[in-house]
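There are 2 protein chains.
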Amino acid sequence: MFSYIKRLLIGRPLKSTELGEQKLNKTKALAILSSDALSSVAYGPEQILIVLATVGAAAFWFSLPIAVGVLILLVALILSYRQIIHAYPHGGGAYVVSKQNLGMNPGLVAGGSLLVDYILTVAVSVSAGTDAITSAFPALHEHNVAIAVLFVIFITVLNLRGVTESASILAYPVYLFVFALFVLIGVGLYNIAAGNVSPAAQTSIGEPVAGISLFILLRAFASGSSALTGVEAISNAIPNFKDPAPKNAAKTLAAMGTLLALLFSGIVFLAYSYGIAPHAEVTVVSQIAEEVFGRNFMYYFIQGTTALILILAANTGYSAFPLLAVNLAKDKFIPRMFTVRGDRLGYSNGIMILGISSIILILVFKGQTEHLIPLYAVGVFIPFTLSQTGMMVKWIREKPSGWFLKLIINSVGALISFIVTIVFFLTKFAQVWPVLIFLPIIIFVFHKIRKHYEDVGDQLRLTTCEPAVPIEGNVIIVPVAGITHVVENSLNYAKSLNPDQIIAVYVAFERDEEKKFEEKWKKWQPDVRLVTLHSYYRSIINPLTKFVDIVEHKAKESNYQVTVVIPQFIPKKGWHNILHNQSSLLIRTFLLYRRNVVITTVPYHFKK
Amino acid sequence: MFSYIKRLLIGRPLKSTELGEQKLNKTKALAILSSDALSSVAYGPEQILIVLATVGAAAFWFSLPIAVGVLILLVALILSYRQIIHAYPHGGGAYVVSKQNLGMNPGLVAGGSLLVDYILTVAVSVSAGTDAITSAFPALHEHNVAIAVLFVIFITVLNLRGVTESASILAYPVYLFVFALFVLIGVGLYNIAAGNVSPAAQTSIGEPVAGISLFILLRAFASGSSALTGVEAISNAIPNFKDPAPKNAAKTLAAMGTLLALLFSGIVFLAYSYGIAPHAEVTVVSQIAEEVFGRNFMYYFIQGTTALILILAANTGYSAFPLLAVNLAKDKFIPRMFTVRGDRLGYSNGIMILGISSIILILVFKGQTEHLIPLYAVGVFIPFTLSQTGMMVKWIREKPSGWFLKLIINSVGALISFIVTIVFFLTKFAQVWPVLIFLPIIIFVFHKIRKHYEDVGDQLRLTTCEPAVPIEGNVIIVPVAGITHVVENSLNYAKSLNPDQIIAVYVAFERDEEKKFEEKWKKWQPDVRLVTLHSYYRSIINPLTKFVDIVEHKAKESNYQVTVVIPQFIPKKGWHNILHNQSSLLIRTFLLYRRNVVITTVPYHFKK
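Protein chains in written order, with numbering that gives the first Met the number 0: chain A, 0 to 607; chain B, 0 to 607.
Derived from the structure by calculation, the hints contain no laboratory data.
Small disclaimer: the values here were computed from a predicted structure and weren't measured.
Some hints here could point you the wrong way.
Just so you know, same-sequence chains aren't split out, so a pair can sit in one copy or run between any two.
Stated by the list, open to error - Lysine-lysine pairs mimicking DSSO-like chemistry, simulated, CA-CA at most 30 Å apart:
no., residue 1, residue 2
1, Lys572, Lys545
2, Lys450, Lys515
3, Lys427, Lys572
4, Lys514, Lys398
5, Lys555, Lys365
6, Lys246, Lys5
7, Lys398, Lys571
Could you put together the complete structure from these sequences and hints?
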């Protein structure tokens with residue numbers, strides 16, 4: 000039943016050897032890995048204008064130099080990450096680069112913030128996309144949270160089906176969005192060139208503006224650079240590419256950078272040229288589209304593809320999170336289960352944890368995750384800074400041919416990323432402070448987990464641990480609840496093992512019951528020793544545990560092993576389980592975790 | 000940790016021999032078992048007036064004859080239940096009486112509707128009491144649901160502590176409520192006698208009223224008789240009384256009937272004399288109290304004790320539900336776990352199930368459970384009718400001395416209860432139809448459960464089942480994950496049992512890994528046969544299960560028993576469990592439930 004539903008949702012299991020077929024070509028990779036970065040042009044330019052609007056419309060011309068700044072940062076990041084892709088062809092991104100060049104803890108800072116960040120990505124972008132849809136259909140507005148959760152479940156299932164199948168579905172909306180924005184920018188620029196746009200709406204470039212300050216400009220710049228989140232996704236996901244993976248990844252990165260630069264600068268320029276001011280209810284892109292097309296088909300096409308790509312931006316998180324988790328799990332910082340591939344060869348545990356965590360975030364924030372955006376941006380720029388710094392160290396250490404140019408590229412990237420990070424802390428501290436709490440906690444937990452795995456390794460290794468104590472003989476304890484077929488079954492099994500001693504144990508609640516049972520037993524199993532225990536408090540476990548303790552203590556002296564044989568009913572139907580007292584399960588758990596006894600479960604399958 | 004909190008909440012465990020000390024004397028029993036019935040005078044008279052108000056204030060005088068009708072019903076019920084107490088001194092009430100005299104299915108109808116009814120009692124009365132409190136403190140109004148849930152948890156914990164301790168706490172509010180109402184009625188009657196009340200407010204008795212119909216009078220009567228719910232509680236709970244239990248119970252029942260009759264008729268008479276009309280926001284009792292005292296201390300005292308007793312009415316459900324559940328469980332209609340006494344000698348499973356179910360009801364109805372009242376009333380009058388009818392059959396069958404008078408008493412009770420039930424269905428069908436759905440379902444489930452227990456009994460009894468197949472020899476399968484100390488441990492244990500064969504099984508995901516492992520194994524354990532299985536789908540369970548199947552099939556031919564030895568890590572700290580793949584648990588569950596193999600768990604306790 001469960002496995003049928005599973006098969007229906009995620010498809011037939013794939014053999015490990017089919018792994019190569021699941022890899023991505025460049026077109027699909029661009030779609031699957033760029034939706035996060037590309038979708039941010041839907042809100043990045045607006046973020047700049049919102050900050051400038053606090054001074055006044057006269058300050059809007061500053062959006063042009065700020066956009067140039069963002070573009071420089073973008074170019075620096077793309078070039079830096081290109082170098083990372085070639086230097087680390089097995090992927091891992093910021094975590095691997097920081098760890099190898101800067102040391103364990105900087106690596107964990109990068110890895111930890113990215114891990115949390117991908118969860119934020121999913122929650123924030125799905126909520127934003129849902130808002131866009133319910134703005135179009137206000138009747139759905141009250142179901143916002145439910146819709147967002149359904150989208151997360153849908154994307155999770157797509158990803159559990161496997162990487163290429165989800166890419167096929169995801170490719171269309173991403174390319175449609177890019178196409179729609181290019182049409183918008185093209186028609187918009189044509190209108191300007193044709194003189195259809197009144198220049199009166201524009202503020203003059205270079206004119207001094209009262210009230211503008213470096214603080215505000217930096218804040219606008221930091222806000223604008225939130226459009227660059229998602230740029231690192233490709234360098235994390237190199238193992239998902241078809242061979243030659245690094246080369247294909249680098250080309251995809253370049254294509255994404257070009258698209259992002261064109262769309263971002265196009266939107267900023269149109270917003271400036273059409274004299275658009277940010278507005279609480281209508282987005283900047285929507286205003287531009289209305290100015291350019293009016294409320295016709297193209298307008299709704301742009302709005303629709305924007306909503307879609309915002310939701311699909313979540314998918315970037317689904318590609319990057321499981322791969323990062325694999326790297327952390329291989330280094331033993333998070334549970335090993337993240338390294339296991341599921342039926343469809345995706346890292347299904349990572350995918351599910353990501354889905355569940357982001358659903359929890361959406362529920363906790365009731366779908367209003369907008370104010371998480373700065374937190375999410377700072378969580379990206381910390382690993383940006385660390386990985387670029389790591390690359391600087393690498394070039395200085397290794398000094399390969401042409402290392403100086405490479406060093407300069409990464410240095411510029413590191414410096415700008417660092418400045419953006421600092422600006423976030425200075426200008427938006429009220430929203431980004433949680434990162435200072437949760438990063439130390441995460442890193443503490445990482446170390447705790449690794450410590451445990453290392454301890455376990457030490458204890459399991461044959462060379463380092465004490466040799467096993469030889470077992471000289473066996474004592475078998477059989478708790479009995481009555482004179483039934485099940486007890487007979489367990490006793491037969493115990494006898495067949497020829498132990499040195501079999502002890503049947505009966506726990507009685509009343510005195511006369513005790514006597515009666517002993518008499519019956521003598522007739523039924525005269526050769527098996529019976530011990531009856533009296534329970535004053537109606538508990539079976541307490542007297543049984545005490546008895547097992549005594550036997551184990553004695554057995555230990557002569558290196559005997561104590562085994563407790565517990566019968567377990569296996570009913571025909573699942574719901575029958577609640578009709579049985581489950582004392583066998585309780586006894587088993589209790590003895591196994593507290594004492595050094597072997598627990599043998601003899602199943603008794605009911606026939607009806 | 001868990002056991003410490005448990006001890007703190009419900010107290011130290013009690014020995015089974017301390018049971019007698021936990022029994023109730025009459026004063027405490029009256030408090031603990033009458034709160035449901037007595038609390039209903041807070042809303043019963045009002046229910047009558049609400050129906051009459053649909054015709055007009057002129058019809059209010061009909062409340063007096065209707066109250067007389069309700070009093071007759073009350074007297075009939077009290078006399079009938081007095082006879083039940085003496086005839087069935089071991090308790091069980093409607094379920095036992097109906098079952099023994101009318102047959103199994105009428106008994107189950109009575110038992111099933113009471114079972115659901117007690118859950119409704121708790122939900123409805125706690126919600127009503129919470130409403131009364133939050134009406135006094137409107138700031139708390141938005142937390143209604145949370146407050147109601149906390150009250151249910153509080154009462155549940157009280158009852159888990161044990162019957163007498165909860166009675167001590169509960170006795171005060173019940174007696175305070177009775178005292179408060181007697182003062183109210185006394186002062187009210189004095190005012191009337193002293194001529195301080197204007198007779199102008201009253202409608203003349205006996206005057207014909209336009210629009211009044213038999214339907215409305217019946218409806219008013221049915222509504223008024225909702226004040227009689229809870230009358231059966233004492234006859235269900237006889238085993239909780241001190242010896243001589245039936246005599247004490249009968250006296251308590253008489254006392255409760257007298258109190259209920261006095262309070263009910265007093266309130267109806269005062270409401271009529273003061274010319275009070277039902278009002279959406281202020282209860283009838285509150286209006287009377289305001290007329291009699293004004294808004295002084297006594298007014299708030301009456302309101303406060305009313306709120307308290309409404310919440311405590313829930314406690315009646317806690318006394319009756321677990322005892323009814325024991326009776327049903329002894330007859331195998333519900334899971335056996337309801338017959339087990341907890342640490343404090345109460346039937347803790349019944350208490351907890353009742354608490355959880357009523358919390359669910361409160362959450363589902365968001366604390367607005369008022370419209371469940373008719374459903375709840377009909378759920379009481381069905382077992383009333385059945386048990387009185389059962390008593391009729393008993394008298395006719397057994398014909399003890401004075402049987403004819405007894406027969407008449409129960410016949411009157413049965414007839415009136417039956418009429419009330421029919422009136423509920425005729426006049427409030429929109430609210431009581433669910434009973435027609437859930438009763439058949441419950442009875443179906445009852446029979447299903449009993450069928451299962453009987454099947455199990457047949458299969459366990461040594462006389463009826465096939466003799467056990469003798470075990471000729473043992474094959475032990477040890478799944479191994481590597482060459483580690485844990486595997487060594489498991490192999491040592493398997494060897495110590497001297498089985499006919501030991502097979503180590505290794506599941507490999509990759510071909511070269513397979514070869515390497517086989518070579519290592521040959522050096523390490525040359526005398527243990529190793530079988531390597533290749534897993535194409537990265538599953539350990541599938542290939543292992545298939546292999547176990549083959550071995551089991553062969554072993555069966557010569558009556559060999561197959562045992563699978565599974566090592567299990569026992570970490571030092573609980574949270575470490577999530578760091579291990581839990582494959583041992585998965586393999587165990589899978590093999591145990593699907594195949595006929597014995598599962599032996601060898602614990603490996605980590606030292607750090």
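Status of the hints after comparison with the structure:
no.	hint	result
1	Lys572 - Lys545	between (35 Å within a copy, 23 Å between copies)
2	Lys450 - Lys515	between (55 Å within a copy, 29 Å between copies)
3	Lys427 - Lys572	neither (58 Å within a copy, 40 Å between copies)
4	Lys514 - Lys398	neither (88 Å within a copy, 42 Å between copies)
5	Lys555 - Lys365	neither (58 Å within a copy, 59 Å between copies)
6	Lys246 - Lys5	neither (36 Å within a copy, 62 Å between copies)
7	Lys398 - Lys571	neither (70 Å within a copy, 48 Å between copies)
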